[in-house]
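**Q** The chain contents come next:
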Amino acid sequence: MIPNAPEIGKLAFIIAFWICAIFLPVWAVSWAVGVFLPMIIEGQNPGPELALVADILRTATPILSVLVFIPLNAMFMVLYERRALALFTVRMGPNRVGPDGLLQTAADAVKLLLKEDITPRGADAVIFTLAPIVFFAPSIIGILPILAAITNNHPLFAITNLPTGIFFVLASASIPLVALVMAGWSSNNKYSLVGGLRAAAQAISYEIPLVLSLVTVCLMAGTLDVVKIAQQQDGGFLNWNILGGGALRGLDAAIATALKNQDWAPVIQAFYPYGAASFVAAIVLIFCSHILLGLYLTGACAEINRIPFDLPEAESELVSGYNTEYSGMKFAIFFLAEFTNLFIVSCIATVMFFGGGDNPFPQWFLDQLPLAGIQAGLGSALSFLINDMRLVDPDTFWAAIWVIIKVYSLVFFAILIRGTLPRFRIDQLMDFGWKRLVPLSLIAFLLVVFARVLVVSHGY
Amino acid sequence: MEQYMMLHDYVSNAAAETALFYLISIFAIIMSVGVISDRNVIRSGFILIGVFGAISGLFLLLQAQFLALAQVMIYAVGITLVVVIALMLTNPRSEKDTSYENEPVSKDGSPISPFQRLRLIGPAFVGILSFFTIYTAIRSESWIASGEQVSPDNVRVLGTALTTTYSLPFEFASVLLLAALIGAIMLAKAERPTPVIEIGIDE
Chain A
1 MIPNAPEIGK LAFIIAFWIC AIFLPVWAVS WAVGVFLPMI IEGQNPGPEL
51 ALVADILRTA TPILSVLVFI PLNAMFMVLY ERRALALFTV RMGPNRVGPD
101 GLLQTAADAV KLLLKEDITP RGADAVIFTL APIVFFAPSI IGILPILAAI
151 TNNHPLFAIT NLPTGIFFVL ASASIPLVAL VMAGWSSNNK YSLVGGLRAA
201 AQAISYEIPL VLSLVTVCLM AGTLDVVKIA QQQDGGFLNW NILGGGALRG
251 LDAAIATALK NQDWAPVIQA FYPYGAASFV AAIVLIFCSH ILLGLYLTGA
301 CAEINRIPFD LPEAESELVS GYNTEYSGMK FAIFFLAEFT NLFIVSCIAT
351 VMFFGGGDNP FPQWFLDQLP LAGIQAGLGS ALSFLINDMR LVDPDTFWAA
401 IWVIIKVYSL VFFAILIRGT LPRFRIDQLM DFGWKRLVPL SLIAFLLVVF
451 ARVLVVSHGY
Chain B
1 MEQYMMLHDY VSNAAAETAL FYLISIFAII MSVGVISDRN VIRSGFILIG
51 VFGAISGLFL LLQAQFLALA QVMIYAVGIT LVVVIALMLT NPRSEKDTSY
101 ENEPVSKDGS PISPFQRLRL IGPAFVGILS FFTIYTAIRS ESWIASGEQV
151 SPDNVRVLGT ALTTTYSLPF EFASVLLLAA LIGAIMLAKA ERPTPVIEIG
201 IDE
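Sequence lines, in order, name chains A and B. Residue 1 is where the first sequence starts when you use our numbering, and the numbers rise one by one after that. Residue 1 is where the second sequence starts when you use our numbering, and the numbers rise one by one after that.
The shape of chain B in the complex, shown without the other chains:
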C-alpha cells in the first residue's frame, strides 16, 4: 500500500499549496474590493471579516497556526465587531445619500476651496503612497529564506522568543497599549456638565 500517492501527499505537495495560495489570495482581493466599493458601511464592515479570514488562511498556508488563529480571534472577530458596533452607534449615512462623494461642489454652489479639493484627493494620495511604500519595501529587501523546518509546536517557539530575545520590544508594546487604554478611559470618563432639563410651565 505504501507505493501509492495518499491523500497526505496530494495535500502537502507544492502544486496544491500554490493553487490554494492563489485561491485564497483571489478571495481576499475580491473581498477587499467589496469592502471599499460597498455603499453600506456596516455591510462593508462584515465583508472585512472575510478579508481577515482569508489572511488567516494565508498564515495557515505558511504553517503559522498560532498567528492564523490569533488573526481570526482578534482581527476577524474582536476588532471588526467593535468597528461595526461603533458604526451602528454613530449612525452612518444610509446608502441613498451619496451626493457628498459624487459632487465636488460645495453645498451652496460656490466654487470649492483648495482645502476641500485637498480633502477629496487626499485619501487617494495617501492610499497610493502607502501602497508604493509597502510594495517597494517588500520587493527591494533581500529576504533571508531559511531552509529550517517549521516547528510544529510554534506556540512554544513564539513564547520563548517573546520572553527572551524580544522581551524589550514586547514590553514596550504592552506599555503602549496600556497608555492607549488609560487614554481611552480618561476620554470616556471626562466629566461633562450634565444638561439641565428645564421642565418649565410657561404661561
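Extracted from the complex, chain A is given alone in its bound form:
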C-alpha cells in the first residue's frame, strides 16, 4: 500500500482541474475567433470590409489562443511544480487557498500584479524595462510553428506552419539569453550582473549540444518542417523518433502483415535491405536517439535555467541572480516566461521525439478493438457539434489530448529532476558541457549519418 496515496490523489485532482481550466478557455477562444464570429459575419453576405474583418479574425486565432493559454498555463505549472515537489519531499505543499490549495497561484498572480513596480536608483531604466519584454516575447513567437504541429495542421493553425520550422523555434529560443544579460547589467547590482553573465556563458555552451541533437533528429527525418516531422511519426509508438527515427517502421509493417496472415518476410526485406547490417544499424539508431533525447533534455534544462542548471539564479550564492532587483509586474513577466519556456521545451521534445499528436498504439493493435463502431456512433451523435457548429475537429481533438498528456508528463519529469539532483558548480558545469556533451552529440551525429543509410527510416 502506498502511504501517500491520498496526496497523489489530490495532485491528480489538481492536474485534472487545471488542465480543464486552461484548455477549455483556449478552446472557446479559438473557436469563437476562428470559427464562430467569421461564420456569423459571412452568414449575412458582408461587404469587403466585413469580409476582411472575418479574415483577420481567422488569421489572428493562433496568436490569440497562445495569449489566453500562457498566463493560465504558468499559473498551473507553478502549482503543479510546488505540489509535486511537496510530494517528492514528503511535505504538504500549498493547501490553504481554495480546496486543497487549488487557487494558490491565482492568488499569487493577483498579488504580483498589485505590487509596486520599482526601478532601482542607478539602473539603466530603458534597458531595465526592456529586459522582461525581450525575455517574454520570443516565447510567444517561438511556440507558433509547434502549434501547427500539435494541432495536426488544422486549417486555422496552418498559417503558423513554416518551412524552416524547428530552426525558427531554436532561433527565437536563443533571444531570451540577451534579455538575461540586459537584466543583469542594467540592474546596477553585482549579484544580478554575475547572474546575467553566468546565464550567458551557460546558455552559449549548452546551446551547442541542444542544437546538434535537434539537427540530428532533423537529419533522420529529412526535413526541418515540424509538421512533416510530426506526421512522419504517425501510427503508433514504433514509428516515433525516440525509437530510431522510424528504424522500427519495418517491424511495425511486418507485424501488421503477419496479423493479416500474409508472408511478412518480404516486408522485412524491403525495410531492412542489408540483412544483418541493417539490424545492427537499426539498433544503433535506437541507441543514438535515446542519447539524443538525453542531450536535448539536458541542454534544454540548461537553456531555461532549471535545477540542476539554475546557477544564474542560485539563491544561496547570488540572492536571486538577474532578477534580484525586479518587482511587481516585471518580475511576474520573468516568472511567466520561465514556466512558458518549460512548456515549450516539453512541446518540442514531444514533437521531435514522441510523435506529436500521435496516439501510442499501432494501427494493427487498434484494428483488433471494436473502435470503428464507437467512432461512428460518436460521430453521428456529435454530428451537430462537428459539422454544423464546427466546435470539434476530431483530428485536432485527439491530437490535442495526446499532446497534453505527453507534454505534462515531460514537465513532471523535469520537476522530478528538480526534486532529485543538486546544483552544479560553475566549473563542473562548463566541463560537463564542453568536454562531455559536445563530443557526445558529435559522435551521435556521426553514427546516425552512417546508420540511417542502411535502414529504410523516415525521410529516406
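Hints in this document: simulated from the structure, not taken from any laboratory. Take these hints with a grain of salt, some might be off.
As the list claims (entries may be wrong) - Now the stretches of chain A that chain B is said to cover, found in silico as 3 or more residues with beta-carbon under 8 Å:
hint : region
1    : 153 to 167
2    : 175 to 182
3    : 193 to 205
Yeah, the Cβ is synthetic: ideal placement off N, Cα and C, and Gly gets one too.
Go by the hints and put chain B onto chain A.
**A** Using the frame of chain A, we list chain B on its own:
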C-alpha cells in the same frame, strides 16, 4: 467571398512590401546611429542587437527565411553577446570619462605628434573609404535580376548549393574557421609564468 481583397492580398502586395522596407530601414539606420553615438559602450552593444534584428527583418522581406533566422541566432544573439561580455570583462571607460575623445592634445600639454593626429583622423578615413567602396560596388555592378520564384523550401536549395556547386569555398571557409579556433586556443592556453606570491613577514 472570392472577389474581395483578403488579408493575404493586402500583406503580399508591392506597396506593403515597400512600406515595410522603408520602416525597417529607418529603424536600422536609427539604431546604427545610436550604436556609434551612445557614450556607454555596453549599451551600444545592446543597441547593436536591434540593428542585427532589423537586418534580419530585411532578409525576411527578401523571402530568405533561413538567412534571417541565422542572422538572429548568430549575429544578434551569439556574436553580440560575446562582444558585450568581452566589453564587461575589459572594464571600458565609464560615460563620464570622455576627455580623450574631445581634446586633440596630449596629456602633458605638448603639441600632438603626427602619429597621434593620424590616430584621430584614421578611423574616419577608413570609415569613409569603406563606405564609398561598398557604395560604388553596389551601384556600378549590373545585378542579374532573375524572375525565378523563390522556393519556399530555401533551406534545401541552400544545402544543395553548399554541398555541390560551392562545396570548395565552403570547405575553405570551414578550414579558415578551424584555424581561427586553434589560434584562439593557442593564445588562451599560452603558458604564463605563475606570479610568485610573496608572503614575507618583514621585520
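**Q** Could you run down the list of hints and mark each one as holding or not?
**A** Tested hints:
1. 153 to 167: holds (count 4)
2. 175 to 182: holds (count 5)
3. 193 to 205: Satisfied; 5 residues make the cut.
In this structure, every one of the numbered hints holds.
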